[in-house]
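A.B. asks: Chains as they are written, first to last, in this note's numbering: chain X, 1 to 323; chain G, 1 to 400.
Among the hints, erroneous ones may be present.
[What the hints assert, rightly or not] Some chain G residues judged to face chain X by a derived CB distance under 10 Å, without partners named: (1) Gly46; (2) Gln47; (3) Glu205; (4) Gln243; (5) Gly248; (6) Lys270.
Source of the hints: derived by calculation from the structure; they are not laboratory data. Predicted model, so just to flag it, every value in this text is computed and none were measured. Think of the CB as a built atom: it goes at the ideal place given N, C-alpha and C, for glycine as much as any other residue.
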Amino acid sequence: MDLPLLLGILPQVLLDGLILGFMYALIALGYTMVYGVLEFINFAHSEIFIVGAFVGVELLLGLKSAGLLDALPWPLVLVLVLVAGMAASGVLAVTVERVAYRPLRHAPRLIPLISAIGISFFLQDAIRLFESLWRNAFNLVYPTMDVLNVRFELTQTVDVSVKSLVVIVAALAMLGVLHLLVNRTKVGTAIRAVAEDQAAASLMGINVNRIISLTFLIGGAMGGAAGVLFGVQYGLINPYTGFIPGLKAFTAAVLGGIGNIPGAMLGGLVLGLLEALAASYLSLLTGGAFGAEYKDIFAFSVLIVILIFRPKGLLGEVIRGRA
Amino acid sequence: MKNSIVRSVVGVLVVLALAMVPGGAPIEAQGKGTVKIATQSPLSGGQAALGEGIKLGAQLAVEKFKGPLEKMGFKVEFVPYDDQAKPDVGVSNSKNIIADKDILAIIGHLNSGVAIPSSEVYKEVSLAMISPANTNPTVTDRKYTNVNRVCGRDDVQGVVGSEFAKSLTVKSVYVIHDKTPYGQGVAEFFRDDAKKKGLNVLGFEGTEEKSNFDPIVTPIRARNPDLIYFGGIYDQGAPFFKQAREKGVKSKFMGPDGMDSSDLAKIAGKNVVGMYYTSAAGPASALPKAKQFVEDFKKKFGKNPEPYAAEAYDAATVALKAIEAAAKGGKAPAREDVSVAVRKVKLAGITGDIEFDGKGDRKKALYFVLQVASDDPQKWGDNKIVKQLAIAPPSATAQK
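Just chain X, with the same shape it has in the complex:
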């Protein structure tokens, strides 16, 4: 075994894992916020995430064909694309809630779950249909902006590209804003009140439906931002790309303690790091017997062990008190 090699790549692997983890964290927020308020898993969230990525790529391709991609300053382009992706995913999440979940809110708990799975399939194939009619394409490529691929060498074996920095900075900023919003504002208090006890909250004059819509809007927007960042970082998306990251983010939400906002962030980071470590090291450590393809088995085995000792997740599940 080649110890200098193993240690040499460690910082880079951790960095890769961190970037993936921030993405999972952003998506996981959508699951965890909705669960915190409604005790319901929104399985369509993986598609809400990828819709953000598609809106982002369409806007970028539009700017490119208009010749504006290189003309505008790149930070402005990125902000534009992020805002567009967030808006689209947020509005979509609110619409999905209004159309497919609200009419079923008082049905047995499994019914909206099935509705969510249906919406997930519907959105996948709606995107596929739209893109095949509009661009006759299945895979869409994020246009490259050369400045995003510039790399800074930190050491001989570690470097970081501009786009990775963008992902980290954007994710940190959004997580910070969300934290302030939920804990320091009136709206945040209302969200927490609805999560704790819907009936009591409505007696206190809180419009419960509006707060639930707002929860979907925020969760969807975070998912949309993650979608755009995912596209910028990895470059290629298709209508089914959202499924796996969505599943992983759901896992991250459970790992951190579902319903718990800081938990979702922590869970995302832990899962991202585990996955990167497993994919990079498994084949090196086992002499090729187990390769990168076993990364999920490794990552999920660790998760199971964590959940055996902490069944409510790392930071504890938040279940609202029942009236």
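Assemble chain G onto chain X, guided by the hints.
C.D. replies: Coordinates of chain G only, in the frame set by chain X:
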């Protein structure tokens, strides 16, 4: 009022339903019945570019060469199926195909992983399958009398690749594959022969990942191989090569014929310029007899033929010739007769002379090494051939 709306809606639905019944109750031709040639290839999803090429190539051949059969009094039809590059879809389509007695030959598939289970279904009724693209050795090594291919084999293709790598004075290689029978198969042949030739194989790894290749690229970059070989298909290879180059990997890139699609350049752009790939299906532009085909194809479909379109064209031509031969008696031939006739066909095709051996392999198949010339997908056809070989399939005794 309301009633009439309901009635017209019902009427429209009935018409639609009738229109959608596949080949339902065809109007009987004034003759001996219908002969159908089917294709199966991915028409939707990430590999649709190649799958569509197979369908259109075969369609062109059927339209061009159906004359003799029509003169004999048959109605000739072309029926494309979408296998979505998924084994389960391919197999369930196959069951529909064998249930339609008029289908006498199937041209397909794109993916060996789909062709192998689907051909088990065709075998039940001895339906002749002529593959334009399936290079995995197992496809013909099962020695089924109905399974044939006009392309080459991965046990030769992998070796062609490692031989070429050696000639580039490459000393160390890193091998990645997609865990499918095709990708892993060709990657193993490449690895084994590379080892035999004294190249240092630094790693051999499978992955189903489609978007985030960071954790795979990082160890590769640290070990700095002279060449990276990706056994797989462009929709996965392209983002891998793109991310590797963007992360500063300087190795040469190489892959098998699964990389041979203009979508590789579309997705990975300038990052794959200079990359090598082997192919068991040369670019139509390299085939001296395919000029007319390329022109016809462009005229009819308004785009360049993707790789394997020419092979599909030849495969469909073989199928028509075999059906003609089997129909000599005058009545619609049995599927078994067509399968037997396929093995007897000798055709000067646009991809060279076609004749099958006892296993269904082509007696001499063509292999190429090509190099990506441009990041413009429109110029995919301009990729340079750096090496061209005609090789017979390995004899049964030479195999493990």
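A.B. asks: Indicate, hint by hint, whether the structure satisfies it.
C.D. replies: So, going through the hints one by one against the coordinates:
Hint status for Gly46/G: holds, given a least beta-carbon distance of 5 Å to chain X, under 10 Å. Interface restraint check: Gln47/G against chain X, minimum CB-CB distance 9 Å, threshold 10 Å, status holds. Of the supplied interface hints, the one on Glu205/G holds, with its beta-carbon coming within about 4 Å of a beta-carbon of chain X, less than 10 Å. Given the 10 Å rule on beta carbons, the hint for Gln243/G holds: about 7 Å separates it from the nearest Cβ of chain X.
Annotation: interface hint on Gly248/G holds; nearest CB of chain X at approximately 6 Å, less than 10 Å. At about 9 Å, the closest approach between the beta carbon of Lys270/G and any beta carbon in chain X falls short of 10 Å, and the interface hint on this residue holds.
Checked against the numbered hints above, the structure violates none of them.
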